[in-house]
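Visitor: Each chain, written out:
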Amino acid sequence: MLRSITAAASAALLLTAVAGCGDVDDGGEASGKTAATGKGGTLTVFAAASLTETFGALGKAFEAAHPGVKVRFSFGGSSTLAQQITQGAPADVFAAASPATMKTVTDAGDAAGTPQVFTKNRLVIAVPKNDPGKVRELGDLSRPGLKVVLCAVQVPCGAAAEKALGAAGVKVKPASREQDVKAVLTKVSLDEADAGLVYRTDAKAASGKVEGIEFPESAQAINDYPIVEVAKAPRSALAKEFIGLVLGPRGRDALTRAGFEAP
Amino acid sequence: MRTGLDARLVVRRAAFDLDLALAAAPGEVVALLGPNGAGKSTALRALAGLVPMTGGHVRVDGDDLRPLPPDRRGIGMVFQDYLLFPHLSALENVAFGPRCQGAGRRAARRIAAEWLDRVGLAEFASVRPRALSGGQAQRVALARALAVEPGLLLLDEPLAALDAHTRLEIRAALRRHLAGFSGAAVLVTHDPLDAMVLADRIVVVEGGRLVQQGTPAEVARRPRTGYVARLVGLNLYRGRADAGRVAVADGAATLDTADPLDGDVFLAFAPAAVALYRTRPDGSPRNLWRARVAAVERQGDRVRVQLSGPPFDAVAEVTPAAVAELQLSEGSEIWAAVKATETHVYPA
Amino acid sequence: MRRAPESPRPPLILVAPALAGLAFLVLPLAGLLARAPWTTLGTRLAQDQVLDALRLSLLTATLATCLCVLFGVPLAWMLARAPVPGVRLVRALVTVPLVLPPVVGGVALLLVLGRRGLVGEHLDAWFGITLPFTTAGVVLAETFVAMPFLVISVEGALRAADLRYEEAAATLGASRWTIFRRVTLPLVAPGVAAGAVLCWARALGEFGATITFAGNFPGRTQTMPLAVYLALETDPQAAIVLSLVLLAVSVAVLAALRDRWVSTGT
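Chains as they are written, first to last, in the UniProt record's numbering: chain X, 1 to 263; chain R, 1 to 348; chain F, 1 to 266.
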């Protein structure tokens, strides 16, 4: 018994080791460097989580247009990505969900050139499909007994929510301040919360489970999405081309379809 | 009314089969003696209710205990390693039983203190088991078992965990306590000396069956199996007697005896009764046979000489001086003799 | 146990990986210490939010540990002793929270105990109890992830315990409950203590299930790990401070407990 466990464990270790070695030719830094001068190679894009679907599609298009090139994405919270870049993560392009997070990168001198706003996102009220709280407008969120979840003020969607609610003069006592917009969406889609403020794109992506209600005050808190080439980008030329794709008609088209607005 | 123990213990398992009738009068100590794996401990555990019985009955003072779980049998048990609760003091260990029987905290402690005093450990009341010596732990275990005032006391190898010196002392003390106990007691041991000293009656168990029982003196004098004979140190043969002449070893030899019996008999003689000679002794009226020395081993101030047949195996006991004189060594051929009057014959 | 008069020199083949392992565990802590903003430490710590989160963390972790002991010890006993059919499967199920990503655990809790959950629906309809977004929800989330530690630890202790002590107790007239209470439990006390300590530590560091099931609201459901995570978004320095506080408090408590029961219990 013990012997077989030991054997299994060593086999697992061995496998891990082999897999670890194999990693080297699996894209990443190593192949990026070797192919840096050639036509092929890997472009690494760090992008805000809300861009997952759109950028995924754009990446496919980019690869189709550049045979031999692979686009590798790292989607995540903008601030996490920004921190990774300032800590030296090997990114070529950074697309953030807010100018504030972009600022940490530019301040650190890790941006090549000036960031450009490529799209905008606005907040909507997300309610469960059957809308148990009968929410119609932003003012309804202050109704006692209504379970509202917002993003934490530390993350962009939370900052935007504060701004919109402040502009509308609506005082909300949230049940929770979630760590990101997806968490807000989870609570609403599971019907744990009666309403939450999320980006229009998120509501659209989850349209089967939540309803997005537009509200005029959202104009006060429109989120700009800046994109920039990272300083010392290993694939600088490809990075510029990818940014061009995002800013061009093709990119705009994909973004609009996902619920983003033109800058 | 105390009527003691009356039980028939039937425990059948895949590789094991126990069927043992067992009785003990109030105040009587019965020792179950037998080799390892004979079923002694299983019998004891069946009495305590720790092993389910396939058949039979357990009556103590007239009550049938078989349907009852261990905690409602009112039986005291001293386990082989004593199994004193390590987290409780000696006093709390002894008080455990009375407490479970419904005595109040204070009453239970008073009873426990009395019992500890009786086994001479009053000053160890607050000591944890791990700080007790083996002998002390055994006495606490005994006090713990007796404190529930059981109708039946069970002792599983109560002296096996002790070193030779302590054992002597504790055996004597245990004998005193058992003498003072008014209920029936059953003791399991594989040590014949423990059984002889402690028990009023010995029940020999082999292979899950009773093979012999009787007072220690009877068992010691008239063993009925090879195991018992080895335990009590006798040479034992089964044979057919015809007017005092006993044919043993399937008729390969005939021994003269002083007992005029007929029919199937046991014939026993002590190793010390065997005389050894280098050459054939002349004209003596003894049983005489030629034997080969299989082993010579010293035992105290005597030497045991294993003799192998044909016609039969035997053990002789001689002095070291005789060994030197006879130049005994393994493989040497010698003459062995036993006087007819030194043999003991009894019906099989 | 007596110590050997002179301990033999440990073989190098063990010492080297042992030291490497230790370094691997300790160096991240050193990193936190090195980067901590010592000059502003005092003012940062005095913030109400920090104290609230710390208080909430200690409270919920302790309550969760109590729940774990209350339900985990009988569960461990059942796994170790009761003739339950399919006990292997039950044991595997018990360890599910160990392998389940805590966030998934949180979602699962929502699906069962949430406002529209299988059980939660009735809690809400019949008793007006809703668990998500409450401190009770934090305790439940922590209990969920921490309980396996207790069950595994206590089950191991129960299996190692000598059953014959329980037999001895039975012959002395103890009922099964008395045996459990006065013999079994004291015998496995070190295992329970070790399990409870593990539970508490796990509950204190719990993040995923808590934020998913109970959300994040300062003073009510924002425990230290949640505060740390959110601080990381905007103010990494503050996150370091909070982490250090959590570490210092947990290490202090664990060290104190270890001296008090874990070592004396064995």
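Keep in mind that a hint or two might mislead.
To give an idea of the interface, some chain F residues facing chain R are shown, with a C-beta separation under 7 Å as derived from the structure [what the hints assert, rightly or not]:
no., residue
1, A160
2, A161
3, L163
4, R164
5, Y165
6, E166
7, A168
8, T171
9, A174
10, S175
Calculated directly from the structure, the hints in this document are not laboratory data. Beta carbons: idealized from backbone N, C-alpha and C, even for Gly.
Visitor: Each hint: holds or not?
Guide: Checked hints:
Taking 7 Å as the C-beta cut-off, the interface hint given for F:A160 is violated, the closest approach to chain R being about 13 Å. Residue-level restraint check for F:A161 is violated (minimum Cβ-Cβ distance to chain R is 11 Å; threshold 7 Å). Because the closest C-beta pair between F:L163 and chain R is about 10 Å apart, greater than 7 Å, the hint is violated. Nearest Cβ of chain R to the Cβ of F:R164: about 5 Å, under the 7 Å cut. The hint holds.
The beta carbon of F:Y165 comes within 5 Å of a beta carbon in chain R, closer than 7 Å, and the hint placing it at the interface holds. Proximity of F:E166 to chain R is violated relative to the hint, the smallest CB-CB distance being about 9 Å (cut-off 7 Å). Hint status for F:A168: holds, given a least beta-carbon distance of 4 Å to chain R, under 7 Å. Because the smallest distance between the Cβ of F:T171 and any Cβ of chain R comes to about 4 Å, under 7 Å, the interface hint for this residue holds.
Satisfaction of the interface hint for F:A174 is found here, the shortest Cβ-Cβ separation to chain R being roughly 5 Å, below the 7 Å cut-off. With a least beta-carbon distance of about 6 Å to chain R, the hint placing F:S175 at the interface is held under the 7 Å criterion.
Violated hints for the displayed structure, listed by number in ascending order: 1, 2, 3 and 6.
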